[in-house]
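Heads up: the first sequence at position 55 corresponds to 55 in the numbering used here, and the numbers run straight through without jumps.
The set of hints was computed from the structure by calculation and includes no laboratory data. Warning: the hint list may mix true and false statements.
Claimed, not checked - Here are the simulated BS3-like cross-link-like pairs (lysine-lysine), alpha carbons at most 25 Å apart as the crow flies:
(1) Lys115 - Lys157
(2) Lys115 - Lys61
(3) Lys115 - Lys65
(4) Lys81 - Lys119
(5) Lys157 - Lys212
(6) Lys92 - Lys115
Stated by the list, open to error - Computed spacing ranges between beta-carbons, pair by pair:
(7) Lys119 - Ala181: 40 to 48 Å
(8) Asp13 - Lys119: 52 to 60 Å
(9) Asn345 - Glu57: 42 to 50 Å
(10) Lys157 - Gly360: 57 to 65 Å
(11) Glu53 - Arg281: 19 to 27 Å
(12) Glu53 - Gln268: 35 to 43 Å
(13) Lys367 - Ile129: 46 to 54 Å
(14) Val347 - Pro249: 44 to 52 Å
(15) Gln216 - Asn97: 53 to 61 Å
(16) Glu57 - Ser6: 47 to 55 Å
(17) Glu301 - Val36: 35 to 43 Å
Built from N, CA and C at the ideal position, the CB exists for glycine as well.
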Amino acid sequence: KITFVSVLNACADDVNLSEGIQMHERVKRSGVELDVIVGSSLIHMYGKCGRIEHAQEIFDKMHSKDVICWTTMITACSSCKSLERARLLFDKMPQRNVVSWNAMLAAYAQQGLLKEVLKFFEKMPERDIVSWNVIVAAYTQHGLIVEAHKVFNKMPKRDVVSWNAVISGYAQQGKLDEALAVFQQMPCPNVVSWTTMLAACAQQGQVDMAVKLFHQMPDRNVVSWNTMISIYVKAGQFKEALDLFQQMPERDVVSWNAMIAAYVQNGQLKEALQLFKQMPRRDVVSWTAMVAAYAEHGELEEAFHLFSQMPNPNVVSWTALVAAYAQNGQLIRAMQLFQQMPRRNVVSWNAMITGYAQQGQLKQAYKLFQEMPQRN
RNA sequence: CACUGAUUCAUUAACGUA
């Protein structure tokens, strides 16, 4: 059981569904699927991989569920964007602890419902540092860094996550100086703090400073390496990106995806495809990056061909395809796909509007603008 | 000395940005 749980957690951390499913099969054969801890790990893994139906199935089959199991299921619903289900579970669960409350709080935050987050926070019977951290992060996600910093100052205790959240808030606003000031004030920066600073440099195109920080960092993990690669890619320094990719001690799917972007940005579509084919595992980002790459080169058939092979296109993948046709003036086809896609967001609408606008079809563009449910 | 599960912070893909 311990081994299964460890491996399942590794699958969850890596968002590796195929390994997770394989492990699930072995779990079933061992007859421990419904063990409360193994079952929770399965739910956790499926939740992270976006397979809420599999998570739910296990949850329903389990005989004895403890508070951790319930909370895991709430988070699974939340990460699969089922806030409603999360709330139903939260209301239904036999006992709650502060972690359950935090999980529900985070579920509201992850939907971007700041008002709900604050309301829920007020209702909480007990709060800990994580609850406060969720509030700080919720503010920064809305670009409300001043509010975030205020909460940071007034929270009863701060840990490294609180500090990192504030730094990240400044970074997202492009306020590199402020981010740096907070970073220098914090007592014990960890690898996340350092990597957040790297990301802050990336935002501002400060490659030199990023390089300096990257070498100064006491330790680096795969995320730090990936961040540095993307900084080089963004700066058009292809060779440096490739060097890092080859030097890094371990690569994950994000590293490979970043290199695909590097090749695409460098105009090397063939090499990008080669990388895509040889990478150990492809996720929705890898597929979408390739679809978008072909689209950008006007190779619509190839883009569509890839799209149709893609295992689980999401709204971003669909929008990439719609934008491909829209930008190449094939608005009828674009509109067909736009109507066909299972879900649309504001970017999908923008892509269609831009397509019509570029073709001079202002009436159509305006009509869509009026129809769209949200505008940015 | 160390061996199992839950909540918060960093990296990669889609539209636009004079």
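How the hints compare with the structure:
1. Our distance criterion of 25 Å between C-alpha atoms is met by Lys115 and Lys157, whose separation comes to about 23 Å.
2. Taking the CA atoms of Lys115 and Lys61, the gap is near 35 Å; set against the 25 Å cutoff, the hint is violated.
3. For a cut-off of 25 Å, the pair hint linking Lys115 to Lys65 is broken: about 31 Å separates their Cα positions.
4. This hinted pair checks out: Lys81 and Lys119 have alpha carbons roughly 20 Å apart, not beyond 25 Å.
5. About 31 Å separates the Cα atoms of Lys157 and Lys212, which puts this hinted pair outside 25 Å; it is violated.
6. Note on Lys92 and Lys115: the hinted pairing holds, with a Cα-Cα distance of about 23 Å set against a maximum of 25 Å.
7. Between Lys119 and Ala181 the beta carbons are some 32 Å apart, a value that contradicts the proposed interval 40 to 48 Å.
8. Separation of Asp13 from Lys119 is about 32 Å and departs from the stated range, judged on CB atoms against 52 to 60 Å.
9. With their beta carbons about 28 Å apart, Asn345 and Glu57 fall outside the hinted range of 42 to 50 Å.
10. With their beta carbons about 59 Å apart, Lys157 and Gly360 fall inside the hinted range of 57 to 65 Å.
11. One distance hint, 19 to 27 Å for the beta-carbon pair Glu53 and Arg281, holds here, with the actual separation near 22 Å.
12. As the Cβ distance of Glu53 to Gln268 is approximately 39 Å, the hint placing it in 35 to 43 Å holds.
13. At about 50 Å, the beta-carbon gap between Lys367 and Ile129 stays in the expected band of 46 to 54 Å.
14. Evaluation of the 44 to 52 Å hint for Val347 and Pro249 yields a failure: the beta carbon distance comes to about 35 Å.
15. Range check, Gln216 to Asn97: Cβ separation about 40 Å, and the 53 to 61 Å hint is violated.
16. For Glu57 and Ser6, the Cβ-Cβ distance of about 23 Å falls outside the hinted range of 47 to 55 Å, so the restraint is violated.
17. In this structure the supplied range 35 to 43 Å is violated for Glu301 paired with Val36, their Cβ-Cβ distance being about 51 Å.
The structure fails hints 2, 3, 5, 7, 8, 9, 14, 15, 16, 17 (numbered hints given earlier, in ascending order).
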